[in-house]
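Student: These protein sequence lines map, in sequence, to chains A and B.
Numbering-wise, the working numbering puts 124 at position 124 of the first sequence, and it's gapless, one number per residue.
Numbering-wise, the working numbering puts 40 at position 40 of the second sequence, and it's gapless, one number per residue.
If you're looking for bench data, these hints aren't it; they were derived computationally from the structure.
Just to be clear, a hint being listed does not mean it is correct.
Straight-line C-alpha distance at most 30 Å; calculated DSSO-like pairs for lysine-lysine [to be verified]: (1) A:Lys169 - B:Lys41; (2) B:Lys36 - B:Lys19; (3) B:Lys41 - B:Lys19; (4) B:Lys15 - B:Lys41; (5) B:Lys36 - B:Lys15; (6) A:Lys162 - B:Lys41; (7) B:Lys41 - B:Lys13; (8) A:Lys169 - B:Lys15; (9) B:Lys36 - B:Lys13.
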Amino acid sequence: MNDIQRTSRRFRLFFLIIFYSMPVILAVIWFGCDFLLREILFMMPAFPDQCVPWPLPLMPRLLGFVSCLPSTFMNMAAFAYLARLFGMFGRGEFFTTPAVRTIRRIGWILLLAQGVAFLHVPLLSLALTAANPPGQHVITLSLSSGMVTQVIIGLIIILVSKIMDEGRKLSEEQAYVI
Amino acid sequence: MPIIVNLDVMLAKRKMASKDLAEAVGITPQNLSVLKTGRAKAIRFTTLESICACLECQPGDILEYQPGEDPRD
Numbered sequence: 001m002n003d004i005q006r007t008s009r010r011f012r013l014f015f016l017i018i019f020y021s022m023p024v025i026l027a028v029i030w031f032g033c034d035f036l037l038r039e040i041l042f043m044m045p046a047f048p049d050q051c052v053p054w055p056l057p058l059m060p061r062l063l064g065f066v067s068c069l070p071s072t073f074m075n076m077a078a079f080a081y082l083a084r085l086f087g088m089f090g091r092g093e094f095f096t097t098p099a100v101r102t103i104r105r106i107g108w109i110l111l112l113a114q115g116v117a118f119l120h121v122p123l124l125s126l127a128l129t130a131a132n133p134p135g136q137h138v139i140t141l142s143l144s145s146g147m148v149t150q151v152i153i154g155l156i157i158i159l160v161s162k163i164m165d166e167g168r169k170l171s172e173e174q175a176y177v178i
Numbered sequence: 001m002p003i004i005v006n007l008d009v010m011l012a013k014r015k016m017a018s019k020d021l022a023e024a025v026g027i028t029p030q031n032l033s034v035l036k037t038g039r040a041k042a043i044r045f046t047t048l049e050s051i052c053a054c055l056e057c058q059p060g061d062i063l064e065y066q067p068g069e070d071p072r073d
């Protein structure tokens, strides 16, 4: 087993650990760690912290948790595909059709995740202020440079998948050179 | 494919098994099968040289050109 395969297997394990721990960490933050939840919420850009009651009642807490699920699932999907990709690299499958397809899917997930992330902040702010008296509900919209960066990275990854596809064609051609 | 590989004929003449030829040439039996069945897209000169050395023959004894349907047409 060469260096690439050995390192790839370690990365696969790392991504699998993140994949399985993400929903657990999300649940722990929302329902088991008020201090951390407050720090995270108040660090979010343009977050209406003055309108959010603290300590957070159960209903806004549940709604807030549910509003985070779409974003979390997109991130979990990205890590699942990353684990699958590095699993292939760990088996020495570099320029194969499944590897190319997986890289392309990772790029698309990054793009779609930013669409979901754009909806995440308004949903979250609405969820957390849902129990407030009328006239004190807040919807926050936020567009950060991080989201733009992720879109650019997603597009680059899709381009890289096209380059890997050219490598796949060369590899398949090479396989029939005896 | 217009280029036909007549390895089976030479293997029979020399009474050699495919597995033995593959081992002597330094390629896998699967790759030798690719060559025999005409699925190979190219052959390296070093491989051709090794095959000719093992089978004590000329390249023309194992490679034959048959003009037929050209996929490029």
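Student: All the hints need checking, so say for each whether the structure fits it.
Tutor: Tested hints:
{"no.": "1", "hint": "A:Lys169 - B:Lys41", "verdict": "13 Å, holds"}
{"no.": "2", "hint": "B:Lys36 - B:Lys19", "verdict": "12 Å, holds"}
{"no.": "3", "hint": "B:Lys41 - B:Lys19", "verdict": "21 Å, holds"}
{"no.": "4", "hint": "B:Lys15 - B:Lys41", "verdict": "27 Å, holds"}
{"no.": "5", "hint": "B:Lys36 - B:Lys15", "verdict": "16 Å, holds"}
{"no.": "6", "hint": "A:Lys162 - B:Lys41", "verdict": "24 Å, holds"}
{"no.": "7", "hint": "B:Lys41 - B:Lys13", "verdict": "26 Å, holds"}
{"no.": "8", "hint": "A:Lys169 - B:Lys15", "verdict": "38 Å, violated"}
{"no.": "9", "hint": "B:Lys36 - B:Lys13", "verdict": "15 Å, holds"}
Going through the hint list in order, the structure does not satisfy hint 8, though it satisfies all others.
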